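Chemist: Using the sequences plus the hints, can you model the full thing?
Be aware that the sequence shown starts at 105, since it is given in the numbering used here, and climbs by one per residue.
Hints were generated in silico from the structure; no laboratory data involved. The structure displayed is predicted, hence computed values, not measured ones. Beta carbons: idealized from backbone N, C-alpha and C, even for Gly. Errors might be hidden in some of the hints.
As the list claims (entries may be wrong) - Simulated restraints, written as ranges between beta carbons of each label pair:
(1) Arg-443 - Trp-333: 48 to 58 Å
(2) Ser-160 - Ser-226: 53 to 63 Å
(3) Arg-550 - Val-321: 20 to 30 Å
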Amino acid sequence: MKRLFVLLVCLGTLLYALPSGIESVIKRSGIPTKDLSIYIKEAGKSDRIIASLNASAIRKPASVIKVFTTYAALLKLGFDYRWPTQFYRTGTLRNGTLHGDLIIKGFGDPTLDAKDLDEIVSRIKAAGVRKVTGNIVIDRSYFRVGNRNSAKFDENPHSPYNAMPDAMMFNERVSTICVIPNQNSVTKKHPDGSYVVHNNLKRVNKPCRGRYSWPRVKIDDTKAVPEVWLSGTISKRCGKRNICKVLTQPYKSFYYAFKGALAQAGVKVHGTMRLGKVPGNARIIFTHYSDPLEKIVSKTAKKSNNLYARHLLLLLGAKVYGAPVTVEKGRRAVVQILRQHGALGTEKVILDNGSGLSRKSRLTAKALADVLDDAYARYGMRWMRTLSIAGVDGTIKRRFRGTVVRNRAWMKTGTLKRVKNIAGYVKSRNGRYYTVVILVNTNRGRWKAAKLENDIIKWLVEQKRTFKQTQPKHSSSPKSVSVPTGKMYYIQAGSFAQPPKKDLLQKIDRTGLPYKTVYEDQYKVLIGPFDTERHAREVLHRVRTEVMPNAFLLR
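Modeler: As structure tokens, then:
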């Protein structure tokens, strides 16, 4: 590794140290330094900074803002929290007939979908219900978010990433139309009377490519019942085509799918759908629960699911400020939670909707790094695995496949027009973990930005020797500084097959000592680092007294 670090001028006379390897990558990229924010440091409580450039500049985050939303959700609710959906009844139940209404209260579970209906219907039948003389009443009052189907952020208003939140979410607000050309079949994947499909497709016996490979889709959502028109020519040789669009209100889709599933199971509902709140005299039948929050947060980050992020923000708003929740309550709740836990300082952060699908969101590289550092120190590998793993899954599965970075980076990406960002953690060949934030807001091309980011991450992975901390300097002219490396000492406070228990981490917190949790076959709690063995041994006595009697020194 080269031992020279180059100092770059930032904001006039404030100079930041950058490793020469990163400086070379920036020069090759052709992207002006004013368009970049870079902040790289040793992960966790350590203050060892590797690189810093425009770290306090306000940038558009795109989807890397989801780190704030998902981490705040885990801090407030825990990994094992499950979203409820409650089922009630009114009236009397005699001989299998419910003389009253079935009522469903949604709390915004974004994962509720058609696969859950079998279990829900089974539980209703288990409660003795075989016929309902009243209506299906849906209570979606937990969220106060209006009735817009789409965010209409761009020229693709009916694409799933534009879906808006709702307390009675179903199938992520996505309607699926199935086209099977060789059977001349066009059907709705789930029964749903809230929209209409017109099939004007013409089948031809030609190769399934080009204009013969996919239907033309036109959507008219100006009517009370949206209409979808399929037209053009499609090859009989094409396989099944699923057209997935945001078309209608999710509570309507739920009603039709739910009523259809009940009928298929022999439960007849005489009434129709009504919107309303759960009355005081209603009796709960059961509560359906989502998968654990850990799984939901993972999908939010790995798949960059905008709808999930919006729902997490709203859920936190309800938990902190009460229902009915608004987006503004959600914004304030996320910031409050992060600041209460010491993960976020006073830096300016604009969350907007918490998903990053926004032209208003803003943050700094330093603020994002602070949140990532806190998450690393608190939850270690369990948190890191909720992010995309390089070359393995999520948004960086293909990006780093077959490279030295594979399985050595855990990242969240963010992309918008003139925005290409990446942030998370990198494990280098020297065995150390680094918090990495690279924000590129430029008009020089997203592909150039992606290459710059990839090259910096690869450079960091390939480092075999440890870095010495670099410090910002004030000077009138740039100069080079020599950076030797040296041995560091840690105190191992424990090694566990499962993530360390909260009481152990709280004991360490009370000492005020820096620490981190790392995963290498087991979860290890390491206190430090310390520059000298003498200093480490002095602290070791205290750690054995106040934290863990069996703690020992690592070099």
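Chemist: Each hint should be assessed against the structure and marked as holding or not.
Modeler: Okay, the hints, checked on the actual structure:
1. Arg-443 - Trp-333: 48 to 58 Å: Because 50 Å falls inside the window, the suggested range holds.
2. Ser-160 - Ser-226: 53 to 63 Å: holds, 55 Å
3. Arg-550 - Val-321: 20 to 30 Å: Since Arg-550 and Val-321 have Cβ atoms about 27 Å apart, the given range 20 to 30 Å holds.
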